[in-house]
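Engineer: Make the full structure from the sequences, and use the hints.
Each protein sequence line maps, in turn, to chains A, B and C. First residue of the first sequence: 2, per my numbering; consecutive thereafter. First residue of the second sequence: 319, per my numbering; consecutive thereafter. First residue of the third sequence: 23, per my numbering; consecutive thereafter.
Some hints could be false.
[Stated by the list, open to error] Computed list of chain A residues with no C-beta within reach of chain B, every gap over 12 angstroms:
| hint | residue |
| --- | --- |
| 1 | 6 |
| 2 | 8 |
| 3 | 75 |
[To be verified] If you want a taste of the chain C side facing chain A, the calculated C-beta under 8 angstroms gives, among others:
| hint | residue |
| --- | --- |
| 4 | 74 |
| 5 | 76 |
| 6 | 78 |
| 7 | 100 |
| 8 | 104 |
| 9 | 108 |
| 10 | 111 |
Don't read these hints as lab results, they were simulated from the structure. Just so it is clear, CB atoms sit at the ideal spot from N, CA and C, and this is done for glycine as well.
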Amino acid sequence: MPRSALLTQAARPLYWLMLAAAVWILLRGHNAPGGGFIGGLVAVAGSSLLAITLGPAVARRLQPLAPLPLAMSGVGLALLAGLAGVATGMPFLTHVWTDMGLSTVMLFDVGVFLAVWGALTGYVFALLDNGRQTP
Amino acid sequence: MSHGSHTETHGPTYLWLAAVPLTLFLLLAWGLARYDLPWRGEVSWIPSLGVSLAFRIDGLSAQMLALITGIGTWIFVYASGYLAHEPRRGQLFAILILFMLAMIGAVTADNLVVLFLFWELTSITSFLLVGFNHEQASARAAARQALLITMGGGLALLGGLVLLGQMAGSWTLSGIVAAGPALVDDPRLPYALPLVLLGAFTKSAQFPFHFWLPNAMSAPTPVSAYLHSATMVKLGIYLMARLDPAFNDLLFWEVMLIGTGTVTAVWAAVLALRERDLKRILARSTVSALGTLTLLIGLPSPGAGLAVVAFLFAHALYKAPLFMVAGNIDHATGTRNIDHLMGLRRAMPLTAAAAVLAGLSMAGLPLSFGFVAKDAISIAKSEAEVLLLVSYATVFVNAIAVAVAGVAAIRVFWGPPESPRGQVHEVSWRMFVPPLAIVLLGIEFDFFPALADPLLLAAARTISPELGAVDLSAAYDLNVLLSATGMTAVVGLLFFLTWDRLHHALHRLHWLDRFGPAALYESLLNALTRIAAWQTRLLQHGRLSGYMRLTFLALLAMGAYIWLHTDSRVVLQWNWSTHAWAWIVACLLIVTGAGAALLLRDRLGVLMASGLVGYGSAVLFLFAGAPDLAFTQFAVETVLVVVAASVLPRYGRAVSRREPWRWVNGVLAVAAGAGTFLLLAHLQGLPVNTELADGFGRMSLPEAHGHNVVNVIIVDFRALDTLGEIVVVAFSLLAALPLLGGIRKGRTS
Amino acid sequence: MSLMLMLGISLTVAAGVLLALSRDLFRLIVGLAVLGSATNLIVFMAARPGSLIPPLVEAGTQQLSTAAANPLPQALVLTAIVIGFALLCFALVLGAWLAGNSAGDADQLRDAEPAATDAVKPPVLEP
Chain A
2 MPRSALLTQA ARPLYWLMLA AAVWILLRGH NAPGGGFIGG LVAVAGSSLL AITLGPAVAR
62 RLQPLAPLPL AMSGVGLALL AGLAGVATGM PFLTHVWTDM GLSTVMLFDV GVFLAVWGAL
122 TGYVFALLDN GRQTP
Chain B
319 MSHGSHTETH GPTYLWLAAV PLTLFLLLAW GLARYDLPWR GEVSWIPSLG VSLAFRIDGL
379 SAQMLALITG IGTWIFVYAS GYLAHEPRRG QLFAILILFM LAMIGAVTAD NLVVLFLFWE
439 LTSITSFLLV GFNHEQASAR AAARQALLIT MGGGLALLGG LVLLGQMAGS WTLSGIVAAG
499 PALVDDPRLP YALPLVLLGA FTKSAQFPFH FWLPNAMSAP TPVSAYLHSA TMVKLGIYLM
559 ARLDPAFNDL LFWEVMLIGT GTVTAVWAAV LALRERDLKR ILARSTVSAL GTLTLLIGLP
619 SPGAGLAVVA FLFAHALYKA PLFMVAGNID HATGTRNIDH LMGLRRAMPL TAAAAVLAGL
679 SMAGLPLSFG FVAKDAISIA KSEAEVLLLV SYATVFVNAI AVAVAGVAAI RVFWGPPESP
739 RGQVHEVSWR MFVPPLAIVL LGIEFDFFPA LADPLLLAAA RTISPELGAV DLSAAYDLNV
799 LLSATGMTAV VGLLFFLTWD RLHHALHRLH WLDRFGPAAL YESLLNALTR IAAWQTRLLQ
859 HGRLSGYMRL TFLALLAMGA YIWLHTDSRV VLQWNWSTHA WAWIVACLLI VTGAGAALLL
919 RDRLGVLMAS GLVGYGSAVL FLFAGAPDLA FTQFAVETVL VVVAASVLPR YGRAVSRREP
979 WRWVNGVLAV AAGAGTFLLL AHLQGLPVNT ELADGFGRMS LPEAHGHNVV NVIIVDFRAL
1039 DTLGEIVVVA FSLLAALPLL GGIRKGRTS
Chain C
23 MSLMLMLGIS LTVAAGVLLA LSRDLFRLIV GLAVLGSATN LIVFMAARPG SLIPPLVEAG
83 TQQLSTAAAN PLPQALVLTA IVIGFALLCF ALVLGAWLAG NSAGDADQLR DAEPAATDAV
143 KPPVLEP
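Structural biologist: The following block contains the structure:
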């Protein structure tokens, strides 16, 4: 794959920028357009950009976890957010708020974010790996 | 069984498990001594459906419980000896325990649904136990047969119980019995009763479903003794006895029970003569006894209830020991064929003693509980003025029972010893004590009827509430009884002496088997397999496009059906608004994309064109007040380019293939398009229900603290759906990873 | 909803069905994707969108203005887009894996299907 020098140089900063944008979209999602799904997709776009320009290995390194564990931890986090309600005696997935504005809703949305990010980057990285092995 | 080798396999013998039924038995005895029947208990389960875990123990239940736990105790002792060489005995004991609990649940359940659940659970455990020696094809086939027949009957039973529950307005057995007379005129009764009876008849192996029980003898002997003689097959009898007070006055009930019972009893007695395998002979005679029980329930006299419970009790007390005896003989000699068994008395004296005592009871001779039972039966029959034919039939059936008792207790033990094939010797104490204990118990009840009388009378009053106070053993008219017993005994002796000749005569009639119900079952099962193979080849041909065609056709057919059954108002309108230009652009993008995807040959082109559909949708969302959707769709399309571009080379070059079905495809596509148009036009004419949306909009900020209503719906109001969705997303990767690995390997090799 | 959009969606569905009925595995999968998009549009259109105002509760108010767009179909379609995309990825990978054996011919897939020559074994119970 031919790479432009400019893109190679810009890839890392661009990745962090997109990731920051993704997190911002995630966090504002409850009150403005955005949320876990969209944020996750933007993060996937960022990771894909990095994987195309510098290779999936680099992109993998700059993720907190490998794709599958990342996706599963997202699901786990969402489940955990749901169990918080059970712990306070309410039905599963009843959300709990604290005085400081933190809530299990945010935890749940982060779970959605991680699940989307992990699952889709899993596809992208694995497919790009394959492409790289071609002689 | 691996007899001959006397090396016990290591590991626990599970003898201690006998403490479980024993504890339950003692609890029952203690409860009966202290508290008056009936006992009730209820735990709410699914209140909206009227299902509650309602249990009720009255006399009949208590009698069944006494049999289940009392005989169960000895069965567990026996099994620990019988299975000493069986490496998988842990499994067997686990299923036996499960069966016992299911059986206890079935005879104590008052709620109809709970009864059905436990009823089916006994069928399933029976299936597992019959198929325990699953290496043998015949054991597997027998297990499947038992399952199909009892489960098929179980389905009918469910239908019948639901109907009865609706008719009585009560979902309990006691409620149905209480409502009994009022149900007689209900138009649903002609459907409910046959269904219930079908369930009971299949479970208790009544004609024409009698053939599964002898085949079920491929189960290990403790199972045969417990499930297929003493307890499970009595479940159908139990249900009929329980419902009898409600329907006894119905002619249909009477005719069905007496007719089926008589036919079953006689036919099974004849078939017993055809068998050479000791266990199968006993199984046939069990079926015969079950037929007699059904017949007795059908009798309208108040004494019938007493006869049923007495015979039920007596049968369990002699048949279970006889099965154990058969198992001991099998264990010691390696065969159950009565032609090869003779003179075992010397080698196995204690087993022989148990056999003789059980045989006495089975023959209904004095000194045994069977005598008491027979007495109750003849009283019931003299009260009820049964048809002469039925009377003769019972004499015949009893005579065969005498002959079977003779075969099991005398023929194999007396006479000159067969030349010993290996060393025949008495089995371990765990195998001869249980049958002896059970038969001695029966004899004890004969001498001290006061021990069992209260329980039996309480059980009999459940069936025949009008039964007065009776002293069970003192009730009989000695002369009548002795003459009847004497006649039976003489005819029975005749059958016993001519057993082999009768056997050969009947054997010559084996060609008749081709027309029997067992053959019908076989051919139905064969037909089922053939139909399955035929339709599998028709529908699962391996052509994916064919599957798709079928799917679309089915969808269109369903849509057309709904369309034809709705009052359709098609509304077509062209409303121009300020942002309509954006919609036009979006629409053009979408249609162009779809069309181009169809027309282009190059794969990358097809992919890009399909992306246009997505981008067009995104534009539409953006100008329809849905920025969230627009964002999502744009992001998805962007990532899709990366995924698709890297997967595309795996598909190879696009080959244009002949589409043999292209005209059909075209018609289907046009129909789908037209159907969509009709659907959308129809939607135009319907009012919008915004109740939910308004509710979400109202509650979003005050209750869920979020301004973005879409996001609040996703993460809060409908969070469970979202959780399911991210699980699917994450697991799709899990499913794809092995495939991705496979693609890589295929590439490098 | 304008007539034009109804026509557009219908044409898309027709094209999607035709693609999905193709013998070529790749076109089949693309057809499913197109059908997915079209279905999203149908669900979205079922609520008769007309408002340009996103369903956000405005600052200072307590509830959603009646002029705002209906949030319910949006929530439905949003998750449908993401889940549809995940399944499309899976289908593309599965198709690529299958293409190795069938040269991408959707009518040559035999994994679970019995061959026409497989014998039918009737169950036998020993007499």
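Engineer: Each hint should be assessed against the structure and marked as holding or not.
Structural biologist: To see whether the hints hold, each was checked on the structure:
The non-interface label for residue 6/A is consistent with chain B: the shortest C-beta to C-beta separation is roughly 21 angstroms, beyond 12 angstroms. A cut-off of 12 angstroms between C-beta atoms confirms that residue 8/A is not in contact with chain B; the least separation is 14 angstroms. With a cut of 12 angstroms on Cβ distances, residue 75/A falls inside the contact zone with chain B, its closest approach being about 6 angstroms. Hint status for residue 74/C: violated, given a least beta-carbon distance of 14 angstroms to chain A, over 8 angstroms.
For the restraint placing residue 76/C at the interface with chain A, the shortest Cβ-Cβ distance is roughly 6 angstroms, inside the 8 angstroms limit, so the hint holds. At a threshold of 8 angstroms, the smallest CB-CB gap from residue 78/C to chain A is about 7 angstroms, leaving the interface hint in force. A cut of 8 angstroms between beta carbons decides the hint on residue 100/C: the least distance to chain A is about 6 angstroms, and the hint holds. Because the smallest distance between the Cβ of residue 104/C and any Cβ of chain A comes to about 5 angstroms, under 8 angstroms, the interface hint for this residue holds.
Checking residue 108/C against chain A by beta carbon gives a least distance of about 6 angstroms; that is within 8 angstroms, so the hint holds. The criterion of a C-beta within 8 angstroms of any C-beta in chain A is met by residue 111/C, whose closest approach is roughly 5 angstroms, and the hint holds.
The structure does not agree with the numbered hints 3 and 4 stated previously, though it agrees with the rest.
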